[in-house]
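Q: Below, each chain spelled out in residue letters.
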Amino acid sequence: MVNVSSCDYLDVIPDNVATIEYAFRNRTEAERYLYTLYSYIPNIGNLNAPEHLGCDEAWEMNNSDSRPNGLNIGLGYQNAADPYMDYWTGGRGGKPLWIAIRDCNIFLEQVEGVKDLSETEMRRWISEAKFLKAYYHFYLLRMYGPIPIMDNNLDVSASPDEVKVYREPFDDVVIYISNLLDEAYENLPQENELIEALEAGRITRVAAKTLKAKLLVMAASPLFNGNTDYANIVDNRGVHLFNQTYDENKWRIAADACKEAIDIADKDNKKLYMQIMDEITDLDKRFERELILRNSVTDKWNCELIWGKTQWDQDEFRRDLMARIVRVNPDNTWLIRSEFAAHNGLVSRFYSSHGVPIEEDKEWLAKGWYAKRNELRPEPSSGDEVYYVRKNEQTAYQNYNREPRFYAFVGFDRGIYFGCGYTKFDSTSVYETVPDDGVKDLRMRAREANGLQSMQNNHSRTGYVCKKLVNYKSSVTYSKLTFEYYPFPILRLTDLYLLYAEALNEAQGPNAETYKYLDLIRERAGLEGVVDSWNKYSNNPQKTKSKEGLREIIQRERNIELCFEHQRFWDLRRWKKITEIEQPRGWNIQGETAEEYYRVLPVESSVITFSTRDYLWPIKESEMIINKNLVQNYGW
Amino acid sequence: MKNKRIKNVGIREFRKLKCIIVACLMATSSWSVEFSANLAYSQKSQISLNLSNKTLKEVFKEIEKNSEFVIFYYEGVIDSNKRVKLNVKKQTVDKILDTLFEGTDNTYNIVDKQIYIIKKEDKEKSNESLPITQQQKKVTGKVIDELGEPLPGVAIQVKGTPRGVTTDIDGSFTIDVRDTDILVFSYLGMQDQEVPVANKKQLFVTMKEKSDELEEVTVVAFAKQKKESVVSSISTIKPGELKVPSSNLTTAFAGRVAGVIAYQRSGEPGRDNTDFFIRGVTTFGYKKDPLILLDNFEITSADLSRIQPDDIESFNIMKDAAATALYGSRGANGVILVTTKRGQEGKPKLNFRVEHAISQPTKMVELADPITYMKLHNEAIKTRNPLGISLYSQSKIANTMDPNRNPYVYPANDWYDIMFKPSSTTQRFNFNLSGGGKVARYYVAATINNDNGNLRVDNLNNFNNNINLKRYQLRTNVDISVTKTTELKFRMQGSFDDYNGPIDSGDDVYKKVMNANPVLFPPYFAKDKANEYTMHTLFGNYDKGDYINPYADMVRGYKEYSTSKIFAQFELEQKLDFITKGLVFRGLFNTSRYSYFDLSRSFKPFYYQTGNYDPKTDEYTLIGLNETSGTEFLSYDPGSKDVNTTTYMEANLSWNRTFKDKHDVSAMVVFTMRNYLTGNAKDLQASLPARNMNTAGRLTYGYDSRYFLEANFGYNGSERFAKKERFGFFPSAGLGWMVSNENFYSETMEKIMPKLKLKATYGLVGNDAIGSESERFFYLSNVNMRDDGKGYSFGTYGNVGPSGSSISGISVSRYSNDQITWEIAKKLDIGFELNLFDKLEIQADYFHENRSNILMERASIPSSMGLQAAVKANVGEASGSGFDFSADYNHIINKDFWVTGRANFTFARSKYIFNEEPDYSATPWKSKIGYSLSQQWGFVAERLFIDEEEIRNSPKQFGEYKAGDIKYKDINGDGKISDLDQVPIGFPTDPEIIYGFGISLGYKGFDFSTFFQGSARSSFWIDPGATSPFVNQQSALLKAYADDHWSENNRNVHALWPRLSEGSMENNTKMSTWFMQDGSFLRLKSLELGYSLPRKILKKALIGDLRVYVSGTNLLTFSNFKLWDVEMGGNGLGYPIQKVYNIGIQLNF
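Chains G and D, in that order, are what the protein sequence lines are.
For the first sequence, the numbering used here begins at 1 and goes up steadily by one.
For the second sequence, the numbering used here begins at 10001 and goes up steadily by one.
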């Protein structure tokens, strides 16, 4: 009995127990695998993104018990022992991108064996996998600087020596990614080949070229182009991981890549979003402008989106974004937390209504608005101002006379908040007379609808909210929040235009082509051309004429146009300007009266500092111990 | 602890059993001389009888009924069925007997109240042969049983002669003997004892129970073995010692069992299981506790906790390789073998026990008073952020201090007092009945334990929120002798738990109190005018109503759970002497079914806070905080269900023979199969049955009771491994030497040390319970083909947004590896057993164990490999060593007074031998090699930071921190505090030493026993996260922290708690020496005082035994740690360990 039954008795595995081989048995399962590759897209459009709260764009309530990981970076708590948003190991809010890359490789190795997959589809899938592989390498490269290149998977049973890979020199990784993107480009579909209902969000040719442009601009930027701070980052083979001589030619290559991407975008009918294709009629031109600007990001699949993230993987984010423009059920303030607060620094970066920085605007300086920008303006809002600030209400100087993007992108105390269920505007109505369906304004002072309710949370820490990321069709009622979702932009045409302008300026200095792409964006924002604006309104009219001056203008334009879109966080790094991060400040949100409220106070009791080491992420200490061939980043 | 059994075999039974006593009495011939003085009673008492046509037997019965006489006779001596006629009035018994025996060849002897019927010629013969010599002397004495009870009717015979006497009702005897004589004492159910007279004039003899299982024979794996021949290391615990006033058997282990490391972390009824490990923990796998077998069938520690000590026949702990090798697959962590009682042939024996216990926490956590709480909360805010806003205004603080305040407006809650009663009660009933005849014997038992928690029952609702756990247990053991050589055994056992309690566990209720703000709101408000007609309770809360109101949480509903576990077992034993002598076949089939479900019913409390308060009129308004989300009606939560089944089969062939009186040989081979299936598997692979198949064998040889040899093997198969690795072979062997049986062992030595045995074993044991429980098939990859976490969505319509449709992805939770195989334990045990002066029995064992092939994660794989699941291999290696020791002392000082004592000591230390870890050559303190498996690594806390200047000049630490926060030592000197600065700190978390000692005394009917238990060489950590005050504006503040923390006014850099904060500080909650505590303690584990009523009185009430007792557990604790009961370790904020006062009564019939 013993021998007869022994083998069978212990063999309890029935047929068809799923193992990894089952993932490529047929097209349906292989498609799941392709989706799996997409699922590793980093936390974009998500509170856990380092980019949102990691610099001086936005701030959240700082409760040490429930602090978003990004805010830990914003507070300067990054560390090597257990890094925040660690995309290398997947720890503390990061995603494990090496796993993503391994999965891409598994897919590339196996997909050709899928029997019922057509040749065309297979080629397209392979291209998508290659793109994603490149993108994940790019994301790591931007974060960590030089990284190992994982073009092929190491076997699970590889020896301990084999698995101790080296970080490759920065430029080699750039070339690798760039080539991979070119390879991917071949079989990717054009935008118009996508079935929008089913496939929007998948990779297209223009996305591949745009990412390549972004990569090459980054490679030409000061952080990675001859950065001598990193002269001593040499691995145990003696290889310098960072190039040590500045190469202007990299800008030329980058500009070419941008131009190539722009040309392909043109062919794909990509253009700046210029009009509302919607049912709202008889809209005041100011609100129309505001909606165009907001819709350029939040209108689904609009003409300037190149690649969007089709997944909202964090429900909390929308609660934090929405403003309580009406009183809501006190039971449910958590439902509309309204905690995503625009940073004081971000507010001050917007241009004046003349399209120049407020600190340069001759009128602002002459009338003392700039000096008094943080003070309550005694005169209540009147005339055309009532389109931005509720009639007869007071707010600070800096909330008046700003460019349309200011009013479109951020909300402030007494500021008009168009949309969210309220679209009828009567320029004569004051707070008490606003009809039920009339456009609301924000009430941000303590105990007011969107103000501080309790000490702990559920209010904006600075007194500003973010309007840009909220589609005007979202709505807030006494007990309900509906949020109009949209693909969060990963790549957008404006970004590409500004990259092109930047690369051109670096490669060639100011010229017509550079101005052209800047002005396209300014025009859409309702501003005059850059040269004209500076000539007319700035106290430094020559700024647009010099490379350095124009560089500053382009950078500021990026910061304004692309605010809240995860760009400034990386831009400050590649420009080597991390020390320019401003301290978080905000209105005195405990103030119940205008006089109490309009005082600027620091948000944090301690001073936040960033230094050279913060340009790049630390590699987690335990990784350094396991793989002695790695060399740690500067300063960690 | 009293050993319980039916002690006084009814005198009447004697006759039927053809007792040996009578037989030997019949052979004696000294009646008249010995007992002439004892005629007094027979002359005094007079009996009247009027009987016609009755058998002699019935006549005797009548005599016994009407007098105190007991009549003995040897069957065959008289014809007891002979019918007689008798009519006597007020006659002495001798007259009646004379009448009865007139004309027969019978006569009688009367000894006190005992009448022995004999044949006439015997009496004459005995009279003639009485040799009275000069050397003879009179010896008196007393015979008692192990409990100190006098034994009447013990036959005492002079060895080698037919002479003898019996003991009288109080166990005493007198006999004429020579100095050279040896007396043989015998009594039914007891071992014969030989006592040399020598020059003694008084003899006290303790008769020992003839229980094969406990003394002569030891239970070994799958069999029983003569105790002297056992060479492996087995601890046997008398079931009586496990009888503690607790409804949980496992709480009795610590300190009572040599070789067991045990500790208890919680006192909550139903969750108070003790963690116990045999000889410590030497594996990193998921299963660290021993294999537990109840009547050969594997059970869980939860099942074990429910077993009644009354039902236990024997309790054995198998510790070394030789003892456990046969269990192969799961014996590596040691084995606990429990066998339940079986019926004995005889009249029904009934045993009944009732206990009532009161329990209360050994120690309650002390919290700061509400005023201090507010002041320090304000301090916590300001000291971190001078811009911060104080939560409590000065007026609130001042008003709360006012004794005449309105307590609803200015609440100051002592949540502990509001929520918990100072004590709770438990009732236990235990009943068992056994008996049987030649064909069938039975043992049936029933138990009810009723445990209550100490939550305050609230009369706001009609449902009871307090914990109430009822445990029922039923057992039937039936043995049937089908033929002389065939025996069938049926065992059925059912355990059933019914629980009623709060929605959260008792532990959680306690923890919630630690998270409740004492001053923001009262538990509930009295109804004010506005709420006159409100039907629901007005619970207190604050702000948005999301603060923890522990009271509302406790009373908002209740949870019930029900557990049933049923074992059914069938066993066949067939002697195969017709094939060869001593061959026995045993087959066993067992199945168990387990089911669990819970459900809860609850409402959502309505919360209120006070609005405007007018101090002049003392009126306030209430503001509803959640009018829309509260409910007045109950809702229902179906809870979770758990079902599983196990079946087990065993076939066993054993052979046992002694050749030429010197060569004891035994051999055994056993085959077992086990199948386990759960109905609650998380994935497909986990749902597949778990199986084991073992073949094992043993060979023993003993020469002349001096030298013993034993060899074992286990050939074990497990379904978890690939085919080629599936089976493991685990042999073991042992040697024993009974020195005291050697020829050279002198008589003096024999007197000093009647027993000395040396033994040693070595062997291999396997373990398939490696890795984690969910890792079932190492040789297969495990893939989730529908992983929502890896899904993605595309497209325009509905797909963008959290509720949009998406396609799930594919993830890997294990890579296949067909190399994974058995974990192997190599165990060495060297020990001795000795006995000193027949009073002190000592057993000591040194052990060493080497575990190899321990499954562990490959540490050499960097993240850049991109593996989703850890790669594991059988590379770990650990060792464990130590010794265990037990001493038992038995001394009977005189017939009324006895003393026993015992002590146990276990030292077990584990060590990493090989741990796959990164190259720590630069920071050698990070390496685990050489440290205990439960060693903790952490930072060395130097003290608190003095000021900001010091912080600037010190290595960078974690998160935000200020003066008064913990300063860590930069071990590697790299200018920052990181993981590399973690060093081994403190002792392991599992104690390395567990010990216990106790003494029992008996004087006449009284008995007293006490037992101390201790633990040493362990550390634990106060959880700074869980004890951080003011987290979310509501965590409680320990009084100890309030009294001793760093503050700007009192900058004590060695304060217990660092600078206050509102929330837990990352910097201060790191594992460090700051919160490390010494886990050692000594406690008065139990104390018992009992009184047994004298038998004389009981006999009239037909009661065999009646004992009343009071006992207590955990009455005193000695430890350096004062915040809570030290044994709870880091879990101190949970349901506290209880001290118990118990009163009980025990009855035998």
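For the record, the hints were derived by calculation from the structure and aren't laboratory data.
Just so you know, not all the hints are guaranteed correct.
[As the list claims (entries may be wrong)] Under the rule of at most 30 angstroms between Cα atoms (straight-line distance), these lysine-lysine pairs were calculated in the DSSO-like manner:
hint : chain 1 : residue 1 : chain 2 : residue 2
1    : D       : Lys10137  : D       : Lys10751
2    : G       : Lys285    : G       : Lys424
3    : G       : Lys95     : D       : Lys10682
4    : G       : Lys95     : D       : Lys10926
5    : D       : Lys10382  : D       : Lys10349
6    : G       : Lys628    : D       : Lys10604
7    : G       : Lys577    : D       : Lys10976
8    : D       : Lys10226  : G       : Lys577
9    : D       : Lys10895  : D       : Lys11099
10   : D       : Lys10926  : D       : Lys10349
11   : G       : Lys628    : D       : Lys10926
12   : G       : Lys95     : D       : Lys10956
13   : G       : Lys576    : D       : Lys10976
14   : D       : Lys10976  : G       : Lys480
15   : D       : Lys10288  : G       : Lys95
16   : G       : Lys628    : D       : Lys10928
17   : D       : Lys10227  : D       : Lys10682
18   : D       : Lys10956  : D       : Lys10382
19   : D       : Lys10969  : G       : Lys628
20   : G       : Lys164    : D       : Lys10138
21   : D       : Lys10288  : D       : Lys10227
22   : D       : Lys10227  : D       : Lys10341
23   : D       : Lys10928  : G       : Lys164
24   : D       : Lys10976  : G       : Lys164
25   : D       : Lys10604  : D       : Lys10224
26   : D       : Lys10226  : D       : Lys10928
27   : G       : Lys285    : G       : Lys164
28   : D       : Lys11099  : G       : Lys628
29   : D       : Lys10751  : G       : Lys628
30   : G       : Lys576    : D       : Lys10956
[Claimed, not checked] Which chain D residues stay away from chain G? Per the calculated CB distances, all over 12 angstroms, these:
hint : residue
31   : Leu10203
32   : Lys10349
33   : Glu10366
34   : Gln10394
35   : Thr10628
36   : Tyr10703
37   : Phe10744
38   : Ser10808
39   : Tyr10815
40   : Gln10868
Here the structure is a predicted model, which is why all the values come from computation and not from measurement.
The C-beta atom is built at its ideal place from N, Cα and C for all residues, glycine as well.
Q: Minimum Cβ separation between threonine 10628 (chain D) and chain G greater than 12 angstroms?
A: The assertion about threonine 10628 (chain D) is violated, with a minimum of 6 angstroms to chain G.
Q: With 12 angstroms as the threshold, tell me whether serine 10808 (chain D) passes as away from chain G on beta-carbon distances.
A: violated, 7 angstroms
Q: Hinted pair, alpha-carbon criterion (30 angstroms max): lysine 10227 (chain D), lysine 10682 (chain D). Please report holds or violated.
A: violated, 47 angstroms
Q: Next pair to validate is lysine 10382 (chain D) with lysine 10349 (chain D); report whether the Cα-Cα distance is within 30 angstroms.
A: Violated - the C-alpha atoms of lysine 10349 (chain D) and lysine 10382 (chain D) are around 74 angstroms apart, more than 30 angstroms.
Q: CA of lysine 577 (chain G) to CA of lysine 10976 (chain D), is that 30 angstroms or under?
A: Status holds; Cα separation ~25 angstroms.
Q: What's the verdict on lysine 10226 (chain D) and lysine 577 (chain G), does the C-alpha distance respect the 30 angstroms limit or exceed it?
A: violated, 85 angstroms
Q: Measure nothing beyond the straight line between the CA atoms of lysine 10956 (chain D) and lysine 10382 (chain D); if it is 30 angstroms or shorter, mark the hint as holding.
A: holds, 24 angstroms
Q: Within a Cα-Cα threshold of 30 angstroms, do lysine 95 (chain G) and lysine 10956 (chain D) meet the stated pairing?
A: holds, 27 angstroms
Q: Verify this label for me: glutamine 10868 (chain D) is non-interface relative to chain G, using a Cβ-Cβ cutoff of 12 angstroms.
A: Per Cβ check, glutamine 10868 (chain D) is inside 12 angstroms of chain G; nearest 5 angstroms; violated.
Q: Within a Cα-Cα threshold of 30 angstroms, do lysine 628 (chain G) and lysine 10928 (chain D) meet the stated pairing?
A: Given that 30 angstroms is the threshold and the Cα spacing comes to 19 angstroms, the pair holds.
Q: Run the distance test for lysine 164 (chain G) versus lysine 10138 (chain D): straight-line Cα separation, threshold 30 angstroms.
A: Violated, because 93 angstroms separates the two Cα atoms, which is more than 30 angstroms.
Q: Would the hint linking lysine 628 (chain G) and lysine 10604 (chain D) be met if the CA-CA limit is 30 angstroms?
A: Violated. Lysine 628 (chain G) to lysine 10604 (chain D) sits at ~56 angstroms, over the 30 angstroms cutoff.
Consistency with the previously given hints fails for numbers 5, 6, 8, 10, 14, 15, 17, 20, 25, 26, 27, 28, 29, 35, 38, 39 and 40, ordered from lowest to highest.
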